[in-house]
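Chemist: Assemble chain B onto chain A, guided by the hints.
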Amino acid sequence: MNKSKLGIIGLGVVIGLLLVYIVWQLTSQNYTYQGSLIDPPVEAKDFELTDQDGDIFRLSDQRGKVILIFFGYTHCPDVCPVTLSEFKQIKSQLREDAEKVEFIFITVDPERDTVDTLGDYVSIFDPDFIALTGERDELIEVWSDYGVYQARQEVTGAGGYLVDHTARVYAVDMDGNWRLTYPFGMEREKIYQDIRHLVQEG
Amino acid sequence: MKTNNKFRPYLIRLGIVFGLSVLLVVAFNEIVYLFQKSEYDRAPKTIKLVIPEGTADQIESGIDVESIPEELVFVIGDTLEVENLDQVSHQLGPIWVPPNSTGSLVMERANNYAYSCSFQTSRYLGLDVREPTTLRTRLIGLGFAAPTLTALLFLYSLLVFPIDKKTKSDEMKNKPVSSKTI
Numbered sequence: 000m001n002k003s004k005l006g007i008i009g010l011g012v013v014i015g016l017l018l019v020y021i022v023w024q025l026t027s028q029n030y031t032y033q034g035s036l037i038d039p040p041v042e043a044k045d046f047e048l049t050d051q052d053g054d055i056f057r058l059s060d061q062r063g064k065v066i067l068i069f070f071g072y073t074h075c076p077d078v079c080p081v082t083l084s085e086f087k088q089i090k091s092q093l094r095e096d097a098e099k100v101e102f103i104f105i106t107v108d109p110e111r112d113t114v115d116t117l118g119d120y121v122s123i124f125d126p127d128f129i130a131l132t133g134e135r136d137e138l139i140e141v142w143s144d145y146g147v148y149q150a151r152q153e154v155t156g157a158g159g160y161l162v163d164h165t166a167r168v169y170a171v172d173m174d175g176n177w178r179l180t181y182p183f184g185m186e187r188e189k190i191y192q193d194i195r196h197l198v199q200e201g
Numbered sequence: 000m001k002t003n004n005k006f007r008p009y010l011i012r013l014g015i016v017f018g019l020s021v022l023l024v025v026a027f028n029e030i031v032y033l034f035q036k037s038e039y040d041r042a043p044k045t046i047k048l049v050i051p052e053g054t055a056d057q058i059e060s061g062i063d064v065e066s067i068p069e070e071l072v073f074v075i076g077d078t079l080e081v082e083n084l085d086q087v088s089h090q091l092g093p094i095w096v097p098p099n100s101t102g103s104l105v106m107e108r109a110n111n112y113a114y115s116c117s118f119q120t121s122r123y124l125g126l127d128v129r130e131p132t133t134l135r136t137r138l139i140g141l142g143f144a145a146p147t148l149t150a151l152l153f154l155y156s157l158l159v160f161p162i163d164k165k166t167k168s169d170e171m172k173n174k175p176v177s178s179k180t181i
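For the record, the sequence lines run as chains A and B. Using numbering that gives the first Met the number 0, the letters of the first sequence correspond one by one to residues 0 to 201. Using numbering that gives the first Met the number 0, the letters of the second sequence correspond one by one to residues 0 to 181.
Bound-form chain A, shown alone:
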């Protein structure tokens, strides 16, 4: 093979690699988030609550991880178990990237959701999920910061009462910013794709 042929092949390889790089750059820059995007990102309000092991949990300590936050309660008959099941599936889809994502469940029913109750509840879905509670006053502040609605609804029957509550999922990026929110019913696959992108972007 003479020098000119080698030169042409080399040039072809260089051009090919350049094209791959350009396409990769274009596709990575053009990713469109499928959740409700918060732009510009705003620093997520920090909070300090108690986790299912009785330890103090601070949101600001989680920098470097993508956080998915959901507000619910353990006696919830519908939305909460569905959302936590979706969290479990998203975690499984993320595989090794799951280490960079924290799944958090914050109670809207602190009277019934004790540390032990929360621990038992989340471990049904995944023992690595973090369940948080606190004094009602502490939680009211967090609910307010995150625009969470919650109202006790008395029902007849052995189950006691229900709690109407916001069913939104909040995604906080690795820099501690509110980046995305998802209404209840958003397809799990879309949430997974967004979270995977947030992890890769981080």
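The calculated label-pair distances, taken between Cβ atoms and stated as ranges, are: (1) L138(B) - V22(A): 22 to 32 Å; (2) E59(B) - D144(A): 14 to 24 Å; (3) I30(B) - L17(A): 51 to 61 Å; (4) E59(B) - I123(A): 33 to 43 Å.
Computed far set for chain A versus chain B, every beta-carbon distance over 12 Å: (5) I7; (6) L10; (7) R57; (8) S91; (9) T116; (10) G156.
Quick caveat, the hints were computed from the structure, so don't treat them as lab data. We put the CB at the ideal spot given by N, CA and C, even for glycine.
Modeler: Using the frame of chain A, we list chain B on its own:
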């Protein structure tokens, strides 16, 4: 080749009927489209809403925020962008916006939603997401209607104007032999 000759008049008829059907469907579709066309038969775009400063206080006092309509109509693919200039977070159904930021969401499904909303005195806001009638949807309509109309017109034409089964070769065969022998 004989078989081809046999079917040729049918194929020609089918071709003519198909062309006619396409023309009829296009004409009918376009006339209906012209009459029914609305402002929502358009390409997707970004629709921006601004929540002015002091909105939460206004709502608390029972005063309507005039700049925000109670009903919003979108077409699939529209992006709803909500800019929050207020000092507290607000929500518009699927969109939650912290203070001094913007929340946006692409409307992906045609439906009629009634969402809870923190910047309406009624606390509810209607979102109507429609599928726009675009060139693509009209072409899909053509795709469904033209073959059906072709089949119907073709069968009807066969009844009204039957194809003469005699082909040229048949005619040659039937020519009187006597003329050659004389």
